[in-house]
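Trainee: Top to bottom, those sequences are chains L and Z.
Numbered as in our numbering, the first sequence ends at 740 without a single skipped number.
Numbered as in our numbering, the second sequence ends at 658 without a single skipped number.
Since the hints were made in silico from the structure, they are not lab data.
Some hints here could point you the wrong way.
From the derived model, a few chain Z residues whose C-beta atoms are all more than 12 Å from chain L [said to hold, decoys possible]:
hint: 1; residue: L415
hint: 2; residue: T442
hint: 3; residue: D466
hint: 4; residue: I488
hint: 5; residue: F492
hint: 6; residue: F493
hint: 7; residue: V499
hint: 8; residue: N517
hint: 9; residue: E542
hint: 10; residue: K562
List time: in silico DSS-like cross-link candidates among lysine-lysine, alpha-carbon distance up to 27 Å [to be verified]:
hint: 11; chain 1: Z; residue 1: K505; chain 2: L; residue 2: K736
hint: 12; chain 1: Z; residue 1: K620; chain 2: L; residue 2: K736
hint: 13; chain 1: Z; residue 1: K620; chain 2: L; residue 2: K553
hint: 14; chain 1: Z; residue 1: K505; chain 2: L; residue 2: K553
hint: 15; chain 1: L; residue 1: K592; chain 2: L; residue 2: K736
hint: 16; chain 1: L; residue 1: K686; chain 2: Z; residue 2: K505
hint: 17; chain 1: L; residue 1: K686; chain 2: Z; residue 2: K551
Since the model is a prediction, treat every value here as computed from it, not as a measurement.
Here a beta-carbon is modelled for each residue, glycine too, at the ideal position from N, C-alpha and C.
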Amino acid sequence: MSKFDFPPSIKSRPVWGTLEPRPGAAHLFIADAHGAEAILDVATPDLMAKGHIIYIPRGEDFADKLRALNPAQFYEGPSYAAAVSRIRRTLEDAHMGTQVYLSGTEGLMGQAMNEAMQAGIEYAAIQTEHRGSIARRMQCVHCKGITEDVETDPFVCSHCGLNLFVRDHYSRRLAAYQGVRVDAEDHGNVPAPKGIYE
Amino acid sequence: MTIQFNDETFRDDYSFHNSQWAIDRFPFPFHEDSYMYAVNMEQHRGGPEGSVYEKRFDVDEHYVAEMRDRAMVLADDPLRCQSLPHMTLAGWDLLELIMVSKSEDYPDLFELHRDGDTWRWINKPMGIDDTFTFLDETTLPYGPMEYITRQAQGDFCVLDQRDDNLWMDAGMVTTQADWSLDFDIGMNFFEWHAPVPLAHEKGIFKRALKFLLNIQQGAPARRLNWTMTVNPLLDTSPENYHKWGIQKTTLTPENIGAKQHLRVELQTFFRLPRSNALVFPIRCYLCSFQDLMTKPKWGRRLHRVVRDLPVELATYKGFIDNRPMMLDYLSQFDDGLPTSPGVFPDEENTPPLSS
Ligand code: HEM
Chain L
543 MSKFDFPPSI
553 KSRPVWGTLE
563 PRPGAAHLFI
573 ADAHGAEAIL
583 DVATPDLMAK
593 GHIIYIPRGE
603 DFADKLRALN
613 PAQFYEGPSY
623 AAAVSRIRRT
633 LEDAHMGTQV
643 YLSGTEGLMG
653 QAMNEAMQAG
663 IEYAAIQTEH
673 RGSIARRMQC
683 VHCKGITEDV
693 ETDPFVCSHC
703 GLNLFVRDHY
713 SRRLAAYQGV
723 RVDAEDHGNV
733 PAPKGIYE
Chain Z
304 MTIQFNDETF
314 RDDYSFHNSQ
324 WAIDRFPFPF
334 HEDSYMYAVN
344 MEQHRGGPEG
354 SVYEKRFDVD
364 EHYVAEMRDR
374 AMVLADDPLR
384 CQSLPHMTLA
394 GWDLLELIMV
404 SKSEDYPDLF
414 ELHRDGDTWR
424 WINKPMGIDD
434 TFTFLDETTL
444 PYGPMEYITR
454 QAQGDFCVLD
464 QRDDNLWMDA
474 GMVTTQADWS
484 LDFDIGMNFF
494 EWHAPVPLAH
504 EKGIFKRALK
514 FLLNIQQGAP
524 ARRLNWTMTV
534 NPLLDTSPEN
544 YHKWGIQKTT
554 LTPENIGAKQ
564 HLRVELQTFF
574 RLPRSNALVF
584 PIRCYLCSFQ
594 DLMTKPKWGR
604 RLHRVVRDLP
614 VELATYKGFI
624 DNRPMMLDYL
634 SQFDDGLPTS
644 PGVFPDEENT
654 PPLSS
């Protein structure tokens with residue numbers, strides 16, 4: 543799958559990179575869906591000998607290819623929520639010099655980045671690469687509920703039902719963009735939804 | 304002077320009002336007939352007697368009513384006050400700064416009696432008389448920052464300083480111009496300013512941050528910011544925007560003078576002694592257009608500023624749709640005569656409006 547070129551944006555919005563192999567005591571890969579392709583691109587036998595892959599397929603079938611890389615440890619989880627306690631534990635146990643590689647959707651990278659920072663992993667030891675869906679993880683500023691995988695602007699808050707427009711303002715602590723009522727100044731006047739980058 | 308505290312509201316029936324005293328001392332933010340973002344900072348070392356710049360923390364006739372409004376906002380939404388765990392010491396620093404400043408600057412309203420770590424704080428306008436142990440959280444009904452900012456007008460951001468940046472790691476934010484502490488907490492100076500148009504490109508935030516990082520204890524600074532608010536609503540939060548946004552559409556040519564308010568923030572910056580944090584009080588002053596128009600200089604100038612403000616700023620500040628109606632109203636108070644430099648109304652030297 544080709545990589546998406548995010549348009550330039552405001553300073554709170556994260557900028558994703560491209561994974562590259564780095565020397566390290568251990569290598570932790572956390573990916574979802576097409577994020578697997580970034581791992582396949584960067585993997586070397588050296589990295590995999592000290593590698594731990596945590597993968598959430600979300601309906602994609604890259605798991606066998608990742609397993610075939612022969613990482614020292616491999617885990618496949620059904621969802622981020624199911625995997626998060628394992629991610630936390632792995633990060634807590636991480637030794638100095640562990641390199642962290644995050645790839646896939648913004649929601650996955652943002653949340654896992656947060657876990658890594660909270661576990662005290664140095665920012666410089668964390669790499670990211672966006673692959674696959676360009677959907678956003680959104681927080682409704684009104685009810686505070688998070689709606690995952692938002693593809694359109696505006697969208698309906700999955701918690702309170704308000705029609706929200708998609709801002710670029712991003713909170714790393716919440717790993718979410720901000721959603722704000724789109725028809726607050728003209729109740730009921732909700733524009734037809736279109737793709738976020740259209 | 305003794306202050307007569309207003310019995311008034313900032314919601315529902317909006318009985319908020321400014322006395323002649325409050326209008327005369329309103330911090331009109333425009334020193335010339337146009338406005339653009341700038342690194343507009345100066346030392347906060349007092350100002351003309353009776354002005355809002357005179358005291359370290361200005362107390363005015365809205366004090367008691369504003370504190371009542373804050374308590375209501377917090378009861379509805381406790382997330383308006385947050386402090387990350389490492390910020391408690393900064394909270395004590397802030398409590399000390401406010402208690403010492405207010406008891407020195409307003410001895411008839413506030414008293415602080417210190418006997419070692421045992422402190423007695425008397426806040427007469429709010430009927431508070433508490434004795435507690437400094438630096439012992441269990442002796443206060445709230446954390447130190449929340450305790451003291453429930454008794455101080457304006458919002459407060461407490462910034463941790465590290466990695467040559469400032470981090471919004473604590474705050475009490477109930478009278479904000481449409482931004483969310485709950486969303487922004489933990490962000491750095493550039494991240495929380497991300498939505499502001501034009502200023503990043505002008506290098507304003509880089510220069511402003513450099514200035515702030517160097518603020519020393521005992522040498523506070525200040526600046527003004529402004530926006531527009533329909534109705535004297537203090538809680539223009541994004542959290543409640545789905546409720547108040549619609550009020551912007553209730554302006555008519557008949558009610559605009561009373562309903563449309565210029566909202567000015569007196570922002571100050573103090574270095575805190577123990578934590579080395581920076582505290583950023585954001586004090587909000589509201590004044591209706593019709594009260595502003597009683598000062599001929601302000602009437603002429605506000606018209607020119609609003610008329611010539613770049614679209615990006617009018618949009619960001621949320622009044623682009625109402626600008627034409629504002630200009631219809633304000634143009635009646637602009638006869639084209641020149642205005643004197645500076646923010647003060649300068650009534651002795653200002654000719655009355657020619658009809
Ligand atoms: C460390 C203290 C400061 C804090 C906590 C702070 C916080 C904020 C916040 C939360 C916003 C709203 C952003 C949004 O739209 O979400 C804002 C706006 C802004 N800030 Fe600051 N700020 C600080 C210092 C400064 C300084 C020193 C300057 C000096 C140039 C500045 C210039 C601005 C400007 C120009 C805006 C846009 C305001 C408008 O047009 O209404 N800020 N600030």
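Trainee: State for each hint whether it applies.
Mentor: Hint check:
Separation of L415 (chain Z) from chain L is adequate, the least Cβ-Cβ distance of about 36 Å exceeding the 12 Å criterion. Taking the minimum C-beta to C-beta distance to chain L, about 30 Å, the non-interface status of T442 (chain Z) holds against the 12 Å cut. Listed as a non-interface residue, D466 (chain Z) fails to keep its Cβ farther than 12 Å from every Cβ of chain L; the least gap is roughly 10 Å. For I488 (chain Z), the condition that its CB be more than 12 Å from all CB atoms of chain L is violated, with the nearest at approximately 7 Å.
Interface exclusion of F492 (chain Z) from chain L breaks down, the closest Cβ pair being 10 Å apart, not more than 12 Å. The non-interface label for F493 (chain Z) is inconsistent with chain L: the shortest C-beta to C-beta separation is roughly 5 Å, within 12 Å. Residue placement check: V499 (chain Z) does not keep its beta carbon more than 12 Å from all beta carbons of chain L (closest about 9 Å). Under the 12 Å C-beta cut-off, the non-interface status given to N517 (chain Z) relative to chain L holds; the minimum distance is some 22 Å.
At roughly 6 Å from the closest C-beta of chain L, the C-beta of E542 (chain Z) falls inside 12 Å, breaking its exclusion from the interface. Once the 12 Å rule is applied to beta carbons, K562 (chain Z) is consistent with being away from chain L; the minimum gap is 15 Å. With a C-alpha separation of about 32 Å, the suggested pairing of K505 (chain Z) with K736 (chain L) is violated against the 27 Å cut-off. About 26 Å separates the Cα atoms of K620 (chain Z) and K736 (chain L), which keeps this hinted pair within 27 Å; it holds.
Taken as a hint, the K620 (chain Z) and K553 (chain L) pair is honoured in the structure, with Cα atoms around 19 Å apart against an allowance of 27 Å. Distance restraint check for K505 (chain Z) and K553 (chain L): the Cα-Cα separation of roughly 14 Å lies within the 27 Å cut-off, and the hinted pair is therefore satisfied. Among the hinted pairs, K592 (chain L) with K736 (chain L) is inconsistent with the structure: their alpha-carbon atoms are about 44 Å apart, more than 27 Å. A C-alpha spacing of about 33 Å is found between K686 (chain L) and K505 (chain Z), which places the hinted pair above 27 Å, so the restraint is violated.
With a C-alpha separation of about 24 Å, the suggested pairing of K686 (chain L) with K551 (chain Z) holds against the 27 Å cut-off.
Hints 3, 4, 5, 6, 7, 9, 11, 15 and 16 from the list above are not met by this structure, while the remaining hints are.
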